[in-house]
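**Student:** Residue-level listing of the chains:
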Amino acid sequence: MQYTEVMIRYGELSTKGKNRKDFINRLASNIQKTLVDWPELEFHPRHDRMHIVLHGAPFESIDARLKRVFGIQTYSPVVTAEKNLLAIETKALELMQATFQPGMSFKVNTRRSDHQFEYDTNQLNSLIGDYLFDQMTDLKAEMKHPDLVLRIEVRRDAIYLSNQLLKGAGGMPVGTAGKAVMMLSGGIDSPVASYLALKRGVDIEMVHFFSPPYTTDKALAKAKELTGILANYSGKINFIAVPFAEIQETIKEKLPEGYLMTIQRRFMLRLADLIRAKRGGKAIINGESIGQVASQTLDSMIAINDVTAMPVLRPVVTMDKNEIIALAEKIGTFDLSIAPFEDCCTIFAPPRPKTKPKLDKARLYEQELDINGLVERALAGIQVTPIYPNQQFLHNKSAEDADLL
Amino acid sequence: MIYFDNSATTQIYPEVLATYDQVATKIWGNPSSLHRLGDRAHQLLEASRQQVAQLLNVTAPEIIFTSGGTESNNMAIKGTAIQKREFGKHIITSSVEHPSVANAFNELEQLGWRVTRLPVDRSGRVRVADLKQRLDSDTTLVSIMGVNNEVGAIQPIAEISDLLVNYPNVMFHVDNVQALGKNLWSQVFTPRVDLTSLSAHKFHAPRGVGILYKKTGKMLTPLAEGGGQERGLRSGTENLAAIAGMAKAIRLLLTDEVAKAEREAAIKAKIDHFLRALPGVTVFSNDDATFTPHILCFALSGIRGETLVHTLEAHDIYTSTTSACSSKTADEASTLSAMHVQAKLATSAIRLSFDESNTLAEADQFIAVFSDIYHHFAKINHLGE
Numbered sequence: 001m002q003y004t005e006v007m008i009r010y011g012e013l014s015t016k017g018k019n020r021k022d023f024i025n026r027l028a029s030n031i032q033k034t035l036v037d038w039p040e041l042e043f044h045p046r047h048d049r050m051h052i053v054l055h056g057a058p059f060e061s062i063d064a065r066l067k068r069v070f071g072i073q074t075y076s077p078v079v080t081a082e083k084n085l086l087a088i089e090t091k092a093l094e095l096m097q098a099t100f101q102p103g104m105s106f107k108v109n110t111r112r113s114d115h116q117f118e119y120d121t122n123q124l125n126s127l128i129g130d131y132l133f134d135q136m137t138d139l140k141a142e143m144k145h146p147d148l149v150l151r152i153e154v155r156r157d158a159i160y161l162s163n164q165l166l167k168g169a170g171g172m173p174v175g176t177a178g179k180a181v182m183m184l185s186g187g188i189d190s191p192v193a194s195y196l197a198l199k200r201g202v203d204i205e206m207v208h209f210f211s212p213p214y215t216t217d218k219a220l221a222k223a224k225e226l227t228g229i230l231a232n233y234s235g236k237i238n239f240i241a242v243p244f245a246e247i248q249e250t251i252k253e254k255l256p257e258g259y260l261m262t263i264q265r266r267f268m269l270r271l272a273d274l275i276r277a278k279r280g281g282k283a284i285i286n287g288e289s290i291g292q293v294a295s296q297t298l299d300s301m302i303a304i305n306d307v308t309a310m311p312v313l314r315p316v317v318t319m320d321k322n323e324i325i326a327l328a329e330k331i332g333t334f335d336l337s338i339a340p341f342e343d344c345c346t347i348f349a350p351p352r353p354k355t356k357p358k359l360d361k362a363r364l365y366e367q368e369l370d371i372n373g374l375v376e377r378a379l380a381g382i383q384v385t386p387i388y389p390n391q392q393f394l395h396n397k398s399a400e401d402a403d404l405l
Numbered sequence: 001m002i003y004f005d006n007s008a009t010t011q012i013y014p015e016v017l018a019t020y021d022q023v024a025t026k027i028w029g030n031p032s033s034l035h036r037l038g039d040r041a042h043q044l045l046e047a048s049r050q051q052v053a054q055l056l057n058v059t060a061p062e063i064i065f066t067s068g069g070t071e072s073n074n075m076a077i078k079g080t081a082i083q084k085r086e087f088g089k090h091i092i093t094s095s096v097e098h099p100s101v102a103n104a105f106n107e108l109e110q111l112g113w114r115v116t117r118l119p120v121d122r123s124g125r126v127r128v129a130d131l132k133q134r135l136d137s138d139t140t141l142v143s144i145m146g147v148n149n150e151v152g153a154i155q156p157i158a159e160i161s162d163l164l165v166n167y168p169n170v171m172f173h174v175d176n177v178q179a180l181g182k183n184l185w186s187q188v189f190t191p192r193v194d195l196t197s198l199s200a201h202k203f204h205a206p207r208g209v210g211i212l213y214k215k216t217g218k219m220l221t222p223l224a225e226g227g228g229q230e231r232g233l234r235s236g237t238e239n240l241a242a243i244a245g246m247a248k249a250i251r252l253l254l255t256d257e258v259a260k261a262e263r264e265a266a267i268k269a270k271i272d273h274f275l276r277a278l279p280g281v282t283v284f285s286n287d288d289a290t291f292t293p294h295i296l297c298f299a300l301s302g303i304r305g306e307t308l309v310h311t312l313e314a315h316d317i318y319t320s321t322t323s324a325c326s327s328k329t330a331d332e333a334s335t336l337s338a339m340h341v342q343a344k345l346a347t348s349a350i351r352l353s354f355d356e357s358n359t360l361a362e363a364d365q366f367i368a369v370f371s372d373i374y375h376h377f378a379k380i381n382h383l384g385e
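Protein chains in written order, with this note's numbering: chain G, 1 to 405; chain C, 1 to 385.
If you're looking for bench data, these hints aren't it; they were derived computationally from the structure.
C-beta: ideal position from N, C-alpha, C; glycine also.
Hints should not be assumed to be uniformly reliable.
To be verified - Covered stretches of chain C (chain G as the covering partner; in silico rule of three or more C-beta atoms under 8 Å from a C-beta of chain G):
hint, region
1, 45-54
2, 223-237
3, 244-251
Let's have the full structure, built from the sequences with the hints guiding it.
**Tutor:** Right, dumping it as structure tokens:
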């Protein structure tokens, strides 16, 4: 079925008084970015809804992208008809045949803003309802809880018909809550935390620590590919790879084993905070969940969080592992997250890390190290890669493969 | 030269040979090696698997690369029988299978399994009612070929699938070595099929490589233990150059599949029409939808198949006594005897097998040559008198 346009209804943001204009503009630009592959589209953001005129673009492909744009509450594909009864009947039948499944019930719901039109709402409801009833088999009329509501809007320029109300992703348009850095390891939790941050409108940049030769290129590729999955929700995410092997080797060489993990985490947070400051972020987000591992106890959080005064947000902090996994499966990161490549959190993990490290001891031990030198060298080695939706890094079929096969 | 023996083997596609050559020359690392060369090989291996899966409309982990049809069949049959031996030791096949299936069943029979070999009707097809009758609570495996290699009968795999839906614990294997690329795949590869075998050299790819499709969740006992390649089911360093070549060959094979199959059917129909008019000729492959378009099996009464093959060969036309695998033994064709064709007539049978490389002009040439041969033999044997 070739639809004429898509009507988008905003979510929560309709209620936010004075920032509303910013929200709408941001949402419009996010939608435009995600639909960039169809240059023929025409966008009309208005204060209560947005119209996208399709000009022949396929709704099915656009639908798949719109599902992932935060800030959309519901949306409907719409067809227009000329302002005469025959045209309305033809389009209504076409629309119903495209979406109807045997046994469904329906009703017609007409609204009329053009009161000059020759039929009023009640007349249209019954004329179109009768017509469909005659033309289609198995159709049931049902006024109270129909499966399909055929909405007909009579406006000045044309008649608009739709019969689907599709659920959007909800949440807030990405970017409306500002920018933050996200500490992405490559495990199950941090991609879920990323998704939740994006859902609340936070624009994120990934900070990923890698430690060659202790970690492989594949671990890095895996983190990038996870970012590619998450980029579906925001259009593009910058991926910042931070070399971490020198810091890990130095800590391992010089400090007592019980504090290896705590001090490593302090360095990670310190680096993430410096990157945040340089790139204009307002928070640091990570995938910590209370008590899951030694570094995620409240005592550890005290000993680690000490290096920054900025907000450290933990979207999955109170979630159970099962809940996190369920969400990871829903957003499509789970299968990749469990691919077995060691990341920098698992190497150099001491056999018995302190679950209750002391802040003063962490501070004291750290003084042995050339903190500034280590941090500066790590920052000097960072690589920033912009990553786009579904970009592949791990098993990308190379051009050579395509040629051979 | 006219090559009408494509069910024995096919000529490799030049594009596939080029792939084989490039991979063997440049991407020769062991896919299991950790370093970059191994990675590169592993990537191509998985890309090949992905492509094969996509073309067969299955998922990549369901594709196991083997050394060919014989290994795939042995692995499917013995691997299932052993895996399920605690649940029962009754296994069912047909009486017209390729020796790699038939002999695997013979071996299991000697090892203590109870084997049922279903009879076939006069056109070489098993009857679903027979199968239904023979299934019992000890049955663990049914193995029926998709397309018969000797006469080309398409077995009623869809109907068997419908029956076996009610027997979810029975593993269903289909030897589909003759069936790919003939526009009949959906008839012989249904969602109920658990295992299916393919052989690369039957579709213009190198020897020594094949596929066993194994549905997700189904278990097999591997035949060879080793380094655990192919998810532990088929150990041994992967034959990457041949695998990549095979993946490419399937893509080429399935391009314009319908048009190719129609042309093969036209060749078969033309020769079939000609042969049926000759007294003393018996055609075993019907010219209808229950037979594959690419196999034509017939006999000229009183002339041994071998004699006919060599006579045609003298005219640079290459054919086969019913199956290349059994053609060097003196036995009559097993499929024909299962179809209750008289032994004397069965030993006269030859098989023509067509392919996308054949043309209608070749059919005309064949008819011209065969007319001469026929008149010669007909005179000696007083045919048509």
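**Student:** With reference to the structure, classify each hint as holding or not holding.
**Tutor:** Taking the hints in turn, this is what the structure says about them:
1. 45-54: Result for this restraint: holds, n = 5.
2. 223-237: Coverage by chain G is violated for the region 223-237 of chain C (0 residues, Cβ < 8 Å).
3. 244-251: It holds, with 4 qualifying residues against the three required.
Checked against the numbered hints above, the structure violates only hint 2.
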